[in-house]
Structures are given as structure tokens and as C-alpha cells.
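Here are the chains, one letter per residue:
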Amino acid sequence: MILDLDAFIEKERPFWDELRALLKRQGDQPNRRMSIDEAQRFQYLYQRASSDLVKIKTFAGDVEIKNYLENLVARAYSQLHEESDRIARFSPLRWFFSTFPQTFRRHWKAFAVSFGTFLVGAGFGAGMLVNDYELKADFIPGQFGHLSGKPSERVEKEERHEFDYFQSRQTFSASLMANNIRVSYMAMVMGITYGVGTVILLFFNGTMIGAIAFDYIADGQIVFLLGWLLPHGSIELPAIFIGGQAGVVLGRAMFGWGTDLRLRQRLKLIRPDLLTLVAGASLMMVWAGIVESFLSQYHRPQLYSWKILLGSIELIALIMFLYLGGRKKWRKGRDK
Amino acid sequence: MALGKTTELKIQTPEGVEFSLPLAGPVTRCAAWAFDLAMVVVLFQIISTVLQVLAIISGDMAMALSIGLQFVVMIGYGIFFEWLWKGQTIGKRIMKLQVIDERGMTLKLNQIVLRNLFRVVDSLPVFYLVGGLSCLLSSRAQRLGDLAAGTLVVRRKEIAEPELDELLGDEVNSFREFPRLEAQLRQRVSAEEVRLAVDAVLRRNELESKSRLSVYKEIADFFRDKVEFPEEVTHGLSDEQYVRNVVATLFERKMKI
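Which chain is which? The protein sequence lines are W and G, in order.
According to our numbering, the first sequence is numbered sequentially starting from 1.
According to our numbering, the second sequence is numbered sequentially starting from 1001.
Just to be clear, a hint being listed does not mean it is correct.
[To be verified] Below, a list of computed lysine-lysine pairs in the BS3-like style, where the Cα atoms sit at most 27 Å apart:
#, chain 1, residue 1, chain 2, residue 2
1, G, Lys1010, W, Lys268
2, G, Lys1086, G, Lys1010
3, W, Lys55, G, Lys1226
4, W, Lys66, W, Lys11
5, W, Lys268, G, Lys1086
6, W, Lys24, W, Lys57
7, G, Lys1086, W, Lys66
8, G, Lys1226, W, Lys66
9, W, Lys136, W, Lys150
10, G, Lys1096, W, Lys66
11, G, Lys1226, W, Lys57
12, W, Lys66, W, Lys24
13, W, Lys24, G, Lys1096
14, G, Lys1086, W, Lys24
15, W, Lys268, W, Lys109
16, G, Lys1010, W, Lys24
17, W, Lys328, W, Lys109
18, W, Lys11, W, Lys57
19, G, Lys1010, W, Lys66
20, W, Lys55, G, Lys1010
21, W, Lys57, G, Lys1010
[Unchecked claim] If you want the footprint, here are the derived chain W segments under chain G, 3+ residues with CB under 8 Å:
#, region
22, 72 to 79
23, 271 to 283
For the record, the hints were derived by calculation from the structure and aren't laboratory data.
A virtual CB, placed ideally from N, CA and C, is assigned to each residue, including glycine.
Let the sequences and hints guide you as you build the complete structure.
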């Protein structure tokens, strides 16, 4: 019991001041690492302040000191229990070449769901057009007006059209990147609806691509289609699937299948992975945006084979990257 | 960790210490968002002004940069400031709000990024309707982004430093003659009870004269039950003066924080 509060404060205040000074120093330099001695001292001071707070709360009704100590203890608590996020050095290269593909592989089933949903959507889109070609206008949004006509007519027009490298290419590229990055993280974010939003988004994108692909193939324009879509699509579509993969991971965490963890804990566990997948997909979208703007729209028949080859190489490289990136064996071989 | 009546988050540390943080409601958060929106509009304006100069050289590049930068500002504004100021944007600073980890720990970058990416859903269909509803329905006033990121928005707790000196005036606190009884009073009164007395003194002019008498009587009786001061001190002391003496006793030693 504290009989003499003044004496108590006088005795304890140096410890509080020391803790406050340590907190201030850590706040000013968040990346600074404490030495073992400092950390031990910090923990001691935190425990001492905690115990003082309990005493004050139990035996004295002093609001100011209680608030002051609560504030001190809350700050020390968060400092002491923080996971080494700020301290650990982030290496962008290691993240991209190791963490990203590792994360992708860890959630490969979610990727399969994402890709599968898209394929079902594509099949649906194509199937509906087989059934009733008049539905084409319903599957291809108004913003893609150039796709509304007959594919062979567009191909003929595009092949005659002089490609201008400079006319609005950069603007086109920037809007593609912004739009596609938005789509990929939208696919992730919609996972909060227990995955329903993600599935709808992937299915919808699938129906659109399926309808377009069917339209061109049925009109005998498969080479044009591949030359047009492969250079950027080989990166852009997988990026959307990866965004969807993150959405499926989030949706699964919302349901909590196969785990006893509570929702908060489940979300906490997947958070870094969600971010890694979305950030990786966004970087892929930047590349896809550049290719789509500066190469994909360049329609010259003599270039089709090169464009298809480039698109195929990109796709194979992407698959290898996602399959091998960050694997121990492969990394060892590379280090040698 | 336990929940209060949706208005505060109580955190209990492994050391058995409990502290509480007041949660921010949708209205204050909306006001903070309005300030942030204004800031984003200002940034857009600055970008477009600067790029008008670039447009003289290349209109295409200026347009591309404008689209790119606007996208970066839209996504990055909240992330940048919440990371820089540990959970605060300009709007949140003005409204004295702060984003914190739901367990009271330091915010991690992935939490900040996620809660900001989720704005696309929370802002649906218009004016953050989804986020606002989620905030109202959630027991901890979380929008979907907060739920996914494991964050909460709290009101920054001001350390109470009531302007009591002026109110209490220079009148002599007769309780001071009995420091031992004063010490007992401090020990037996809880923080909430002190708050009650302080509020009564601070808001005395807001009370009608009749209710003022009855409120002070009730509070004074309550403190009389806690510690009994000798007759020589309390004789002729009105209920109101009694309460003021109690408050003066509890705040007599002001600590500079």
C-alpha cells in the first residue's frame, strides 16, 4: 500500500524518465537495434512501470499519474512486443526473386482456383457465343468498341494502319498500368466477401476474353489473335490470376476451413502473403502495360511470328521464375 | 484483451496491466477523410500545374505522368503518411485520430498498405457507404480494411491536465492540515471517481442552482463516506467547497508531464 504517494513518485520517477528517454530514442530512430544490455534494461523498466501503474490504480486515485503511466506503459508495450518488421532490412531483390515465387508456390491451390474460375468463365463466354452470336455485344464492354465489329475487318484495317510509336503511346501505357494494377488488387480485396467477389471478377474477365478469343478464332484470325494478345497477355493475365489467387487466399481465411485459429489470427497469418502477391502482380502489370502499348498494338503480318515467339518466351520465363524462384537447390547452384 | 461498450479498446498486457484506448466513430473518421480528400485534390492540382509546363515539350509524356502520378497519389497518400507518422494522415492529425494495431502493438507496413488498398471496397458504392456501415456494425468500429489489416482507429488520448488552478482559486484547502487523511483519500478513490469530482467542478456553471445543490450534496456525501475528516475542518463547509477540497487534494501535487 502506498501511504506516501509523494515519496513513491520521487522514488520511481527516475525509472519512468529513463524509460521515456529510451522510448523517445527508439521513436526517433526506428531502425536502431538495441544491444542485449539495453533491451534487458528496457524490459526491466517496462515491468517496473507496469507494476507502478498497478499500484497507482489499486491504491491511489491520482488521475494524472495514472494517465501518464498508462501512456508510458502502452508505448513501451507496443515497442517491446513489436515484431521485427521495421528492424528487418527489406531487400527488394530478394523479395522479388525469392519471396514472391515462394509465396506463389505456397498458395498454388488458390492459384489453381483463380485460374480455373477464369477458364470456366472463358468457356462460358465462348459457349454462349457458339449458342447465340448476337450475345457478343453483351460480353464485350462498350469501352472496347474496336472489338465490336467483325474480327477479319478489324485485322485488315489494323494491318493497313500506320503505327505511330509516339502518338499517345505513353498515355496509353500509363492508363493500362493503372487500370490493370487496380484490377489485380481489386481481385485480392474482393476476397473479403468470402471470395465471392473475387470469383465473380475472375469469371467476368474470363467470359470477356473467352468471347473475344472465340470471335477471332471462328473468323480464322488465330494468328492475329496470338500476335496481338500473347506479348502482353502472357504476363497480364497471369498477373490477374495472381491477384485472384490472393483473393482466394483471403476468402479461405474468412471461412477458416481446416484451422482452429480465430479470424483475426487467420488474417494476421496471411497478410504478408496477400501483400507479396499483389505487389508482385502489380510489377508484372507494369511490364505488361509497356509491352501492350508499344508492341502488342503494332500489327504487321511479318512480325506476327516474332510477337508470338516473344509472348511464348515471356510465358515460359514466367513459369520458370514462379516455379524455380527462391528454391534452395537452384539458389545454391546460382551462388556457385 | 477485452472489449468495452464499443467505445474503447481495453488491452491487458501479460504483466496484468490494463490500459484503454478510445475508439473513433464514423463521424470523426469521416471528417478526417474529408480533410485528406482536400489534400489529395490539392496534390492533384499541383501535379497538373507542374505537368502543364512539361506538356509544352511532350503532351503525351505529361499526360502519361499525370495518370501515373494521380494513381500513385490515390493509392499512396494514406500509405505514405500513415507510415511516416505512425498511423496518422494529415486529416487524422487534425481530428486527433490514429491508426493502431488491434492489439496495441506497433503498426506494420503490410497492415498500412492493406487497409489503404481496401478503400476500393470500403468506398463502394458511394461516400464510403460499405466502410461506414461496417464501422457501425463492427463491435470495434472497424471498416473492412481495418478488419483485414488488423487495425483500429483510436482517438489520441490526451493526458488530462484540467485547468483546475483557476477554478479552485487561492482558497485555502483546509484538508491540508491532515496530510494522513488526504493520503487515505487518494488511496481509496478510484480514477473514475476522481474524474467525476473533477467534472463536477469544471462544469459547475452549467448546472441549474437547484440541481447544483443536489449534485454536490450527493458527490460530497460519497467522498465523506470514503474518509472522514474531523469536525473542525468540515464545520460550515458547503458541499460544493467540500468537493473542491477533495479535487484540490487529489491534484495538489501536479506532475509536469
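Now the hints, each set against the structure:
1. G:Lys1010 <-> W:Lys268: Since the Cα atoms of Lys1010 of chain G and Lys268 of chain W sit roughly 20 Å apart, the hinted pair holds (cutoff 27 Å).
2. G:Lys1086 <-> G:Lys1010: Judged against 27 Å, a Cα distance of about 20 Å means the pair holds.
3. W:Lys55 <-> G:Lys1226: Since the Cα atoms of Lys55 of chain W and Lys1226 of chain G sit roughly 19 Å apart, the hinted pair holds (cutoff 27 Å).
4. W:Lys66 <-> W:Lys11: The hint holds at about 16 Å.
5. W:Lys268 <-> G:Lys1086: holds (19 Å)
6. W:Lys24 <-> W:Lys57: holds (25 Å)
7. G:Lys1086 <-> W:Lys66: Between Lys1086 of chain G and Lys66 of chain W the Cα gap is close to 24 Å, so the pair holds against 27 Å.
8. G:Lys1226 <-> W:Lys66: holds (20 Å)
9. W:Lys136 <-> W:Lys150: holds (11 Å)
10. G:Lys1096 <-> W:Lys66: Holds, at roughly 21 Å.
11. G:Lys1226 <-> W:Lys57: Holds, at roughly 16 Å.
12. W:Lys66 <-> W:Lys24: holds (20 Å)
13. W:Lys24 <-> G:Lys1096: The hint holds at about 20 Å.
14. G:Lys1086 <-> W:Lys24: holds (14 Å)
15. W:Lys268 <-> W:Lys109: OK: Lys268 of chain W and Lys109 of chain W at ~20 Å, within 27 Å.
16. G:Lys1010 <-> W:Lys24: holds (24 Å)
17. W:Lys328 <-> W:Lys109: holds (21 Å)
18. W:Lys11 <-> W:Lys57: This hinted pair holds, its Cα atoms lying about 17 Å apart.
19. G:Lys1010 <-> W:Lys66: holds (15 Å)
20. W:Lys55 <-> G:Lys1010: It holds: about 18 Å lies between the C-alpha atoms, which stays within 27 Å.
21. W:Lys57 <-> G:Lys1010: holds (15 Å)
22. 72 to 79: This one holds; 5 residues, not fewer than the three required, reach chain G with a Cβ under 8 Å.
23. 271 to 283: With 5 residues close enough to chain G, the hint holds.
Hint compliance for this structure: no hint is broken.
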